[in-house]
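Student: The primary structure of each chain is shown beneath.
Number of protein chains: 2
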Amino acid sequence: MRYLIHFSYDGTNFNGYQKQPGKRCVESEFERALYNINNHTETKIVGAGRTDRGVHARCQCAHFDIDVDITLYKLKCALNSLLPDDIHVFRTETVDKDFHARFMVCKKTYKYIINCGEYNPLERNYVHQFNKSLNVESMKEAIKYFIGKHNFKSFVSEEVIKENFEREIFDASIDVNDSKVTFSFTGTGFMKYQVRNMVGTLVKVGKGKLEPSDIKRILEDESLRNLVTTIKPEGLYLDDIMYNI
Amino acid sequence: MRYLIHFSYDGTNFNGYQKQPGKRCVESEFERALYNINNHTETKIVGAGRTDRGVHARCQCAHFDIDVDITLYKLKCALNSLLPDDIHVFRTETVDKDFHARFMVCKKTYKYIINCGEYNPLERNYVHQFNKSLNVESMKEAIKYFIGKHNFKSFVSEEVIKENFEREIFDASIDVNDSKVTFSFTGTGFMKYQVRNMVGTLVKVGKGKLEPSDIKRILEDESLRNLVTTIKPEGLYLDDIMYNI
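Line by line, the protein sequences are chains A and B.
Using the working numbering, the letters of the first sequence map in sequence onto residues 1 to 245.
Using the working numbering, the letters of the second sequence map in sequence onto residues 1 to 245.
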């Protein structure tokens, strides 16, 4: 049977989602738990995507195949009892044998939270502590340039080698709640550092170091990628994943 | 000069506020920082009160005397640069030589947050993960019995030896926000485990294991202290301290 699971995690103490030898990663914690559940058989888990070190997930998804007879509720309980307390599976479902957690993603939402107020030690790993004010109006004007189909190469880590950097962003917005500024992006998919680079560059607009229209110029002209800044990971959340099933 | 400082901390990685040999405590972090600021002189800090291991503070206060010529703003910056990132001083002020951060407290507010919804790994150290529903109406009825002047001996750790267990609670209330239940207590002062014992026992009312009026019976009859339950520390916040100055 193929299962799709929905889970959240605190990225603080993980070296990202993807398995790396000798490092604490979300994927390896799942493989260890599934080994036990699936009659001591090595069981591969296929995530909807990766998150970097320090990035959190309110909703990440993954699929795997196991051969044991177990109810969805018992599978959820078994996973949660075997996983560490910084990962939590909140939903389990069965899917068709041809379902794929990465290839069949229809939309993803990422959020990034910045604290423009006083430093808060209680949220130091969960909200980026910027602790200065930002011009929200100009960032709201700037973020609109990301909406639509664009070649995002200027906003992707230079390590990434791909044929196609075109992605579509359906919605991009900024919400302000007291001294917290939340950036929200919904799109077909996001490449390595893309959200952190978009937010880092929007912050330069909010500081008055770039004009809102510079976002458009950078998107159109890859030679301007030196204007792009990567913001720290601790304010970033993989917030939601939607499938067409 | 005597200074009064207001600060917050994340209690997760501290063995409480009070200094203990060989353990990481809030007080010793301050004494280390003040030693540097006060020309390498051992400098005592007097806190408004202690918090247990794992308990957080949104506003804790303390006073100390230092002999260096420093502005309030620079003192704040110096402390924050020397303190670890899970403590933050947000206000510094000068006070009279006879001001005392513990003896002159007029009111304190403690809050306790319980998550009655799905387990949240991102808040596991900041909200008590109860993850089941509670009867809020009966807890709201029960919490009223704590308001007023009472002998709180039944609700204080048995380790505590005092002549007088009488304290006054000015306000006690319960707020519900989605699946989070927040208990709030404002009073003259709270003794060891008092808030955790009051909340732990209110939770028994919320589970239907005690009647609201049992709170009154326990307050009046110390032989019923076996009905009192101590709840875990991670949902507890020292929220505010008020002085009459």
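Rather than coming from a laboratory, the hints here were simulated on the basis of the structure.
Some clues are possibly wrong.
[Said to hold, decoys possible] DSS-like cross-link-like pairs, simulated, lysine-lysine; straight-line CA separation at most 30 Å:
(1) A:LYS180 x B:LYS76
(2) B:LYS44 x B:LYS74
(3) B:LYS76 x A:LYS74
What you are looking at is a predicted structure, and each value in this text was computed from that prediction instead of being measured.
Student: Checking one constraint from the list: CA of LYS76 (chain B) to CA of LYS74 (chain A), max 30 Å. Satisfied?
Tutor: violated, 52 Å
Student: Under the criterion that the straight-line Cα-Cα distance not exceed 30 Å, is the pair LYS44 (chain B), LYS74 (chain B) satisfied?
Tutor: Judged against 30 Å, a Cα distance of about 20 Å means the pair holds.
Student: Decide if the proposed pair is consistent with the structure: LYS180 (chain A) and LYS76 (chain B), CA atoms, cutoff 30 Å inclusive.
Tutor: With a Cα-Cα distance of about 23 Å, the restraint between LYS180 (chain A) and LYS76 (chain B) holds, given a limit of 30 Å.
Consistency with the previously given hints fails for number 3 only.
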